[in-house]
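Asks: Chains A and B, in that order, give the protein sequences. Converting from the first sequence to the working numbering requires adding 11 to each position, the first position being numbered 1. Converting from the second sequence to the working numbering requires adding 1188 to each position, the first position being numbered 1.
Please note that the accuracy of each hint is not assured.
[As the list claims (entries may be wrong)] One side of the interface only, derived from the structure: several residues of chain A facing chain B at Cβ under 7 angstroms: (1) Gly64; (2) Arg93; (3) Phe100; (4) Ala104; (5) Gln118; (6) Met150; (7) Glu153; (8) Phe263.
Just so you know, these hints were derived from the structure itself, not from any lab. Bear in mind the structure is a predicted one, so any value in this text is a computation, not a measurement. Don't be surprised by glycine CBs; every beta carbon is placed ideally from N, CA and C.
Here's the letter readout for the chains.
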Amino acid sequence: MQHDNLVEIEDVAFDYGARPVLKGINLTAKRGQVIAIMGSSGCGKTTLLRLIGGQIKPRQGTVRVAGESLGELNQAGLYRLRRKMGMLFQFGALFTDMTVFDNVAFQLREHSDLPEDAIRDMVLMKLHAVGLRGAAHLMPAELSGGMARRVALARAIALDPQLVMYDEPFAGLDPISLGITGNLIRRLTDTLGLTSILVTHDVHESLKIVDYVYFVSEGVIVAEGTADDIRASDLPYVHQFVHGEAEGPVTFHYPAAPYVEDLRLGRQSA
Amino acid sequence: MLKESIARLGNRTLQGVGRIGFAVRFFVAIMLHSGTAFRRFGLTIREMYFSGVQSLVIILVSGLFVGMVLGLQGYETLQTYGSEDALGILVAMSLVRELGPVVAALLFASRAGSAITAEIGLMKATEQLSAMEMMAVDPIARVVAPRFWAGVISMPLLAALFSAMGIFGGYLVGVQLIGVDEGSFWSQMQSAVDFEQDILNGVIKSVVFGIAITTIALFEGYDAPPTAEGVSGATTRTVVTSSLTVLALDFVLTAFMFRGLS
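Produce the complete structure using the sequences and hints provided.
Replies: This is the structure in structure tokens:
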């Protein structure tokens, strides 16, 4: 039975030590969709991806991927499920001691007994899809940031996963690479029938390509909707975020004692 | 004041004990996930090249010089008693029993141990280990265990080469330079050095040192905070901790092995 929702997160809470990061998150990702999770830095977006990947376990609530509840799986089950997932890390996380080719071939060699000829064809196809077939022989240190991320994307889709997660795919890219990466995510999702979840704070680039957006702030979902809903939203938080305003519910200052008090103004100096 | 410092002491002790606990669990995890390191022995051989073969220069050169110094110092002392013919025994015994395993282990800790910690620490800091986990590949099996077994296999081989080079150095200085009789140098050595008592015990020592050094190096790398200071601190700790561990273990092993030998 094919579930319509590939990822279902129900009432999930998570703490780092005593600091609560997520407090009761509900989120679903339908098959074939590109979902964006947005929010300011440090709001728990990446934590959410790690929960979906099963790298950390929630304090409460359930995370289900492809109908399986991650909390009930042992390590073997988790590893089996992860073969259906690909993850693009923020800076690519390529293996620095291997060439681009070997990086993309890594999972095929680890998880299959395919002959080297077949692996070669499959790797070159994935590299072609991200436009880097000509860079197969390079080492990761020889790549630009945008290229490294595209190689990592080719590696993430090497086993034809059902779900691909992207951690800040747009951070630190030049405008050209930005557009290329965005289009690539949309195109791969549509042609390979994937489900994509991206975590980002790049509103404009991601609103161009996503189907549905969740806004996370202080551990809860504060807004959700399609790209058009979000653009039209008059919720103060979303408005501030989309228009990049300094004033709004999110303040520029880290919580501190009153300024006057901290500078010891109005006090007689000795 | 006093209360605070007692609390600090207690806290530090608890942390230390906790870390030892983690290290032991880590060691058990390596043992349980060693299958890949043997099934795909190529992975282990690759690491033996990095930690073993690339340590050869420092091991061989140091061995040669340690042996040459032993030849000089040994001759000085032995000739006072008119027994310079026993130089071969002195050089071989001290190398095979003690200096070979111990000095080679100290060099291995600083040359290969620090490199292992830095590599694993940086792989963790750049999320390569997380990426591997997300690709359903266990980093303990794929990255850690091959390095462990490579170290454990390399260590006795390096110690043996160290001793061989040392004996050659002692021969160069004692026989070729000073002029000790070549026949008695080799024949006394051959008759005095016992395979089981001396050579085998030396090999056991270096296997134990190899286990200790690689476990510490891998654990420090795996446990390093994913920052620049974290990795550099872990590298330093690897060299300090594993050197001290080697010396302490050497005392314990020597006490068991050579107790009551005449």
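Asks: Now tell me, hint by hint, if it's right for this structure.
Replies: Hint check results:
The beta carbon of glycine 64(A) comes within 5 angstroms of a beta carbon in chain B, closer than 7 angstroms, and the hint placing it at the interface holds. Hint on arginine 93(A) holds. Least Cβ distance to chain B is approximately 4 angstroms, under the 7 angstroms limit. The closest approach between the C-beta of phenylalanine 100(A) and any C-beta of chain B is roughly 5 angstroms, which is under the 7 angstroms cut-off, so the hint is satisfied. Proximity of alanine 104(A) to chain B holds as hinted, the smallest CB-CB distance being about 4 angstroms (cut-off 7 angstroms).
Because the smallest distance between the Cβ of glutamine 118(A) and any Cβ of chain B comes to about 5 angstroms, under 7 angstroms, the interface hint for this residue holds. At a threshold of 7 angstroms, the smallest CB-CB gap from methionine 150(A) to chain B is about 14 angstroms, leaving the interface hint violated. Because the smallest distance between the Cβ of glutamate 153(A) and any Cβ of chain B comes to about 16 angstroms, over 7 angstroms, the interface hint for this residue is violated. The interface hint given for phenylalanine 263(A) is violated, since its Cβ lies 26 angstroms from the closest Cβ of chain B, which is over the 7 angstroms cut-off.
In this structure, the earlier hints numbered 6, 7, 8 are contradicted, and the remaining ones agree with it.
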